[in-house]
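Participant: Sequence:
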Amino acid sequence: MKKVLIIVAVCLTALACKQEKPLAEGTYRINGTISGLENGEIYLMNRDLDTIKVKNGAFIIENTIENGVKLIHISKTSNKGAKQGEFVSIFVEPTKMTLNIDYEDFSEAKLSGSKTQDDQYRLQAILDKISEDYKEEKNHADAVRKKYHEAFKAGASDEELEAIKYEDDEARGKLASMWEKQSEATLQFIKDNPKSYVSFHSFLFQINKLKYAEAKAILDQLNPEYLKTDLGKDIRQEVDNLQKGIPGAKAANFETVDINGDSLKLADFKGKYLLIDFWASWCVPCRKGNPHLISLYHKYHSKGLEILGVSDDDRAHDKWKNAVEKDGIGIWHHVLRGLEYKEGTYQRINKDKDISDAYNIHSLPTKILVDPNGVIVGRYGGGGGTDDDMDKDLAEIFNQ
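Numbering (the UniProt record's numbering), first residue to last: 1 to 400.
Among the hints, a few may not be true.
Stated by the list, open to error - Below 20 Å or equal to it, Euclidean Cα-Cα: the simulated PhoX-like pairs (lysine-lysine) are:
#1 174 - 115
#2 174 - 288
#3 181 - 138
#4 165 - 288
#5 244 - 351
What the hints assert, rightly or not - Label-pair distances were calculated between CB atoms; the ranges are:
#6 153 - 80: 14 to 22 Å
#7 63 - 103: 15 to 23 Å
#8 62 - 103: 38 to 46 Å
#9 195 - 158: 48 to 56 Å
No lab work stands behind these hints, which were simulated from the structure alone.
Quick reminder that beta carbons are idealized off the backbone N, C-alpha and C, glycines included.
Starting from the given sequences, assemble the full structure and let the hints guide the process.
Facilitator: Next up, the structure:
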């Protein structure tokens, strides 16, 4: 009886394979099953929104692919703001694959047949193991974040929201070592698997944590075919950008309007040391660091130190000005970074006016120290040294 069943199964499989048309070159096919949804629709969300029909708990996705690998996103909702558990992102290849989805939790979906996705599972397992050691801290941070969103929806005052932000910053601070370990693990994975598309894709999010020489060394080991893509061009540009805003480079010129409506340019500080503080009213670590900046200003201003605050508050002028007043930092110069978008979109315009972009600022707070000749002599935070390094450099410069 068992032999008959096996033969029948083989015959049925063979018949199914005969009926299934072969894949065209540069095409991928996913044969999927979804538990919890017998008939209905799910969605393929890339540049365009495509509807995927589910019939008898099964579906097929077939599409073209370039460069051998593609990251696709499948969602239970047509809403682009899908939440955790409502979508899954997977790396597909020009071959036949199978995907099993639980309609109640898309994030638990499992793809088989893609070597690239297998690499992603390997990397994710490493990161999850690190995350497991910080479960209590993560739960607390999630609770604080939820508390903030609920307070915001309830119309809480700016003061109440700011208090929760400070609580959130403390919670996130306890997770800093986890993120650092995960970043180190990701970089090690990239170095160990330089030709993997997962390494190529992950590298983009690690670049701003590196100095130029290390980033360039990793870049040179990546798959050259992937580097020809649009994403590859972005990665090359990000690596090249690491040469901006670093010690030894000429400080990028800028001309803008300050918080009082007066014109201000880099040349106005010629002959003095200038500490450029990249910050924002919503950045808790930035605000916490302001008392120390005030003490540095009082200590060194008479000896030739100027401070310029460059705020990432282009869409929140009032909050910017209120933060300057509340923190008592109006004693030095303040400007906005110059971030502009096309109205109603997130399309950047006038990038040449963006001071933060000119200094390759990716995280806040970051400080840049410029000497009297307009040469950068220090970078602190955002791929540079620490505040302690800054204090030592200033003490050495001003013989303190």
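Participant: Need the status of pair residue 165, residue 288: alpha-carbon distance at most 20 Å?
Facilitator: holds, 12 Å
Participant: Mind checking the alpha carbons of residue 174 and residue 115 for me, to see if they're no more than 20 Å apart?
Facilitator: Measuring from Cα to Cα gives roughly 35 Å; hence the hint is violated.
Participant: Return holds or violated for the Cβ distance of residue 153 and residue 80 against the range 14 to 22 Å.
Facilitator: At roughly 20 Å between Cβ atoms, residue 80 and residue 153 fall inside 14 to 22 Å, so the hint holds.
Participant: Can you confirm whether the C-alpha distance between residue 174 and residue 288 stays at or below 20 Å?
Facilitator: holds, 16 Å
Participant: If you draw a straight line from the CA of residue 244 to the CA of residue 351, is it 20 Å or shorter?
Facilitator: Holds, because 15 Å separates the two Cα atoms, which is no more than 20 Å.
Participant: Given the range 15 to 23 Å, decide if the beta-carbon distance of residue 63 to residue 103 lies inside it.
Facilitator: This hint holds: roughly 22 Å between Cβ atoms.
Participant: Between residue 62 and residue 103, does the beta-carbon spacing fit 38 to 46 Å?
Facilitator: violated, 21 Å
Participant: Hinted pair, alpha-carbon criterion (20 Å max): residue 181, residue 138. Please report holds or violated.
Facilitator: holds, 15 Å
Participant: Do the beta carbons of residue 195 and residue 158 sit within 48 to 56 Å of each other?
Facilitator: Holds, at about 50 Å.
The structure does not agree with the numbered hints 1 and 8 stated previously, though it agrees with the rest.
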